[in-house]
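Trainee: So the protein lines, in turn, are chains A and B.
Numbering of the first sequence is given in our numbering, commencing with residue 2 and proceeding in unit increments.
Numbering of the second sequence is given in our numbering, commencing with residue 117 and proceeding in unit increments.
Simulated from the structure, these hints should not be mistaken for lab results.
Backbone N, C-alpha and C define an ideal beta-carbon position, used for all residues, glycine too.
Please note: incorrect hints may appear among the correct ones.
With the C-beta cut set under 8 Å, the calculated list includes, among others, these residues of chain A facing chain B [said to hold, decoys possible]:
1) Ala142
2) Leu273
3) Gly463
4) Leu468
5) Val470
6) Leu471
7) Phe474
8) Val520
9) Ala524
10) Leu579
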Amino acid sequence: MSAEATTLRVALVGNPNCGKTALFNLLTGSRQKVANYAGVTVERKEGRFQGASGRSYALLDLPGAYSLHAASLDEAITRDLCRGFLPGEPVPDVLVCVVDATNLRLHLRFVLELRELGRPMIVAVNMADAARRRGIGIDLAALEHSLGVPVVETVAVRRDGARALIASLDALAHAPRAPTAHLADASEAAMHSETRRLLAAAVTMPRRTAEIDDTLDRWLLHPVIGLVALAAVMFLMFQAVFSWATPLQDGVAAGIAWLGQQAAALLPQGPLHSLVVDGVFAGVGTVVEFLPQILILFLFILALEESGYLPRAAFLLDRVMFKAGLSGRSFIPLLSSFACAVPGIMATRSIQDPRDRLATILVAPLMTCSARLPVYTLLIGAFIPRHQVAGVFNLQGLVLFALYLAGIVSALAVAWVMKRWRRDRSEHALLLELPSYRMPHPRDLAIGLWERARIFLRRVGGIILALTVLLWFLASFPAPPADATLPAIDYSLAGRIGHAMQHVFAPVGFNWQICVALVPGMAAREVAVSSLATVYALAAGTNDTAAAAQLSPILHAQWSLATALSLLVWYIYAPQCLSTLAIIRRETHSWKQVGIATGYLFALAYGASLVTYQIAVALGAG
Amino acid sequence: MHAGLLAQYVVIALAVLLSVVVVARKQFPEGVRRLRIACAVPLVREGRPSWLRGIGRWLAPIPRSQGSDGCGGCNGCDDKQ
Numbered sequence: 002m003s004a005e006a007t008t009l010r011v012a013l014v015g016n017p018n019c020g021k022t023a024l025f026n027l028l029t030g031s032r033q034k035v036a037n038y039a040g041v042t043v044e045r046k047e048g049r050f051q052g053a054s055g056r057s058y059a060l061l062d063l064p065g066a067y068s069l070h071a072a073s074l075d076e077a078i079t080r081d082l083c084r085g086f087l088p089g090e091p092v093p094d095v096l097v098c099v100v101d102a103t104n105l106r107l108h109l110r111f112v113l114e115l116r117e118l119g120r121p122m123i124v125a126v127n128m129a130d131a132a133r134r135r136g137i138g139i140d141l142a143a144l145e146h147s148l149g150v151p152v153v154e155t156v157a158v159r160r161d162g163a164r165a166l167i168a169s170l171d172a173l174a175h176a177p178r179a180p181t182a183h184l185a186d187a188s189e190a191a192m193h194s195e196t197r198r199l200l201a202a203a204v205t206m207p208r209r210t211a212e213i214d215d216t217l218d219r220w221l222l223h224p225v226i227g228l229v230a231l232a233a234v235m236f237l238m239f240q241a242v243f244s245w246a247t248p249l250q251d252g253v254a255a256g257i258a259w260l261g262q263q264a265a266a267l268l269p270q271g272p273l274h275s276l277v278v279d280g281v282f283a284g285v286g287t288v289v290e291f292l293p294q295i296l297i298l299f300l301f302i303l304a305l306e307e308s309g310y311l312p313r314a315a316f317l318l319d320r321v322m323f324k325a326g327l328s329g330r331s332f333i334p335l336l337s338s339f340a341c342a343v344p345g346i347m348a349t350r351s352i353q354d355p356r357d358r359l360a361t362i363l364v365a366p367l368m369t370c371s372a373r374l375p376v377y378t379l380l381i382g383a384f385i386p387r388h389q390v391a392g393v394f395n396l397q398g399l400v401l402f403a404l405y406l407a408g409i410v411s412a413l414a415v416a417w418v419m420k421r422w423r424r425d426r427s428e429h430a431l432l433l434e435l436p437s438y439r440m441p442h443p444r445d446l447a448i449g450l451w452e453r454a455r456i457f458l459r460r461v462g463g464i465i466l467a468l469t470v471l472l473w474f475l476a477s478f479p480a481p482p483a484d485a486t487l488p489a490i491d492y493s494l495a496g497r498i499g500h501a502m503q504h505v506f507a508p509v510g511f512n513w514q515i516c517v518a519l520v521p522g523m524a525a526r527e528v529a530v531s532s533l534a535t536v537y538a539l540a541a542g543t544n545d546t547a548a549a550a551q552l553s554p555i556l557h558a559q560w561s562l563a564t565a566l567s568l569l570v571w572y573i574y575a576p577q578c579l580s581t582l583a584i585i586r587r588e589t590h591s592w593k594q595v596g597i598a599t600g601y602l603f604a605l606a607y608g609a610s611l612v613t614y615q616i617a618v619a620l621g622a623g
Numbered sequence: 117m118h119a120g121l122l123a124q125y126v127v128i129a130l131a132v133l134l135s136v137v138v139v140a141r142k143q144f145p146e147g148v149r150r151l152r153i154a155c156a157v158p159l160v161r162e163g164r165p166s167w168l169r170g171i172g173r174w175l176a177p178i179p180r181s182q183g184s185d186g187c188g189g190c191n192g193c194d195d196k197q
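I would like the entire structure built from these sequences, with the hints used as guidance.
Mentor: In C-alpha cells form, the structure reads like this:
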C-alpha cells in the first residue's frame, strides 16, 4: 500500500475558543456549530479531507482543554484521546495544536504540555488576521525554532486560510518527526517560565488586551449598567420576534393556503383529499408559518454568539445564579437550551462540579426551546390583541418576553430548591475566559440562519409530518356508527383518547382537542400546533380549506381566555419531550434522574396551569 | 369497493406505515437498532440461501463508529456527526 493510500489521523487540539471547529469546518467542508465563547464543542467530531499531495486525512475535532489535567468531562475526552486511552480510539498520528494568535500568553502553555507527549505535532497560529489588526507581531520562524515543531499561520474564517497547515501536514506525513525540544522540568512553574521565554523571543504585543474590549467591558460588565443592557437586549429580541415577523408570516401563510387550495382542487373527494387538506396542509402548513419567528429569534442568538457578549452575560449573572444554586458556568448550557434542551444538556459537560452539572441538567428543560415558539405565537396571536403599550412596546412581544422570563425564573427557583434540598453551602468560583468582541459577519449570520431554516424544515418534513399523518389517521378512523349524533371525529380513536384524558385535564381547562394534541407533542412540541390544526380541520369538515388554514380564529372563537392562558403556562414547563428525557438518561446514566425530571416538570406544569386557569375563571375570563 | 377509493386507501396505508417507521427511528433509535439486529441475525446464519442472507445484511444496521455519540434524534440541532 502506498503512503498516500493510508489515511492519517489528525487531531485538532487546543484551548477552548481558539477556532478548532472553524478550522475543522474549513478543512472538511462540515458545518459544525461555532461561536465566540468557550465550551461549544463537548464531544469529538470526525471528518475527512484530502491534502494537496492527494493523501487523505481523518480529522478529529476535540473539545477545548486548558490542560491535560482534565477538570471537566469534555476536557477528559481530549486528554484520553491524545494519550490513546479512549476505548476503541487509536492514538492520533499527528496533533495539530491550534492557538489563538491574540492570546498566546494563555495558549502556549498548553502547547508545551502537548509537546511533552512526544507525538508528531504542528502548531497552528489561528486568527492571525485579528492579531495583525491589533498590532501583534509573531515571528513564526523564531517560535518554530524555540518549540521544535512546525508552526504555521491559519485564518479559519478565510477560504484559503488553512493552506499552510495542509502543506505542513503533507510534509509531516511524508517524513514524520517527533518534537525536537523538550522541557527539562515539566512542572507548572517551569511551563509558565518557558511560556514567558517564548513570548519574549517571538511575540511583540503593544497591549495585552484590545482597547475596544476594555472600553466596552467598562460599560457592559458594570454591575448596574451591564444588567440594564442585558435586559434591553433580551427585550428587543422578543419585541422583534413579533414586530418583524408578521409580514413574513402572513406571506408564508398565504403561500401555504394557495398551495392547499391547488391540492384540494386536484384531488377527488375522499380519504386522500382529507389527508392532504386536513392533515398535511392544515397541520404541517400551520407549523411552517412560524419559520419567520424562529429565524428572527436565531438571528439575535447567532449575533450574540458571534459577538463574544454571551460569556459577559454569564459573568454578569453569576451572582444571581450562584444564589439560586447554579454557577455562571451554567449560563451557556442554559442559553443553548433556548434552541433545544438536547445540546444544552450535552453542553453541561463543561461544568466541573458534578452537583452543579446535575442541577443544570434538571433545570435546562425549563428554558423555552424554539419548538415551543410556534405554540406561544399561535396562542398569543389568537388571544392577545396587537396593541401598543406606552406607544413603543408591542403587547404581544411583552407577553412572549414574560413567558420566556417565567421559564428563566422557574429554573432559578427550582435550582434554589435543589440547593436547599442537598444542603449545599459550597462556593465555586467562576473562572471564565472572556473572548475579544467581534463584529458578527453577515455571511456567517446568513449561513447560520440557513442552517436553522434547513434544520426546521427537515424537522417539519420528517418527524412533524409523520406525526401529523399518524394523528390524522387516528382522528379519522374508525368511521362513526350509522346512528352517530356527534361529529365523526368524536368516534375516532384520537377522539376517544382525548375524551378519556379530559377527565384528568378538565381542572386545568383543557378540552379534549388539547388533550389529543399533548400526546404527539411529546415527540416534537410543534406537533401540538399541527395536531390542533388537524383536529379542528377534521371537525369542521373536509371541504373548507380556507378555514382549515386559519387555526387562530377558530381557537379564538372556541376557547376561553382562561384555557389559552392555562395552555401557555403549561408550555412554560412542558414536561413532555421524549428526546430531552432520553438525553438526561444518557448524560446522567440514571433512570432516577429521568423520573425526577419528568415528575417535577409535570407537577409544575399541572400546578401552574391549574392556578392560572382557576384565577382566570374567577376573574371572569372563563 | 370502487378502484379509485381502494387506491386512495392503499396510498394512505403506505403513508401511515412510513410515518410509523419515521417516528420509531427518530424517537426510539436504540429500540429500532435492536429490532433490526434481532431480525437480521437469523437470516444471515450459515446455511441460509444467499438471497435470504442478502436480506439479512440489508436489514442489519450500520455498525456504530467507535466513540461516536449520536444525539437522541430530536432534530432540534444539526445532528451531522
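Trainee: With reference to the structure, classify each hint as holding or not holding.
Mentor: Here's how the hints hold up against the structure:
1. Ala142: 37 Å, violated
2. Leu273: Because about 4 Å separates Leu273 (chain A) from the closest Cβ in chain B, which is inside the 8 Å limit, the hint holds.
3. Gly463: 6 Å, holds
4. Leu468: Since the shortest Cβ distance to chain B is 6 Å, the answer is holds.
5. Val470: 4 Å, holds
6. Leu471: Because about 5 Å separates Leu471 (chain A) from the closest Cβ in chain B, which is inside the 8 Å limit, the hint holds.
7. Phe474: 5 Å, holds
8. Val520: 12 Å, violated
9. Ala524: 5 Å, holds
10. Leu579: Result: holds, 5 Å to nearest chain B Cβ.
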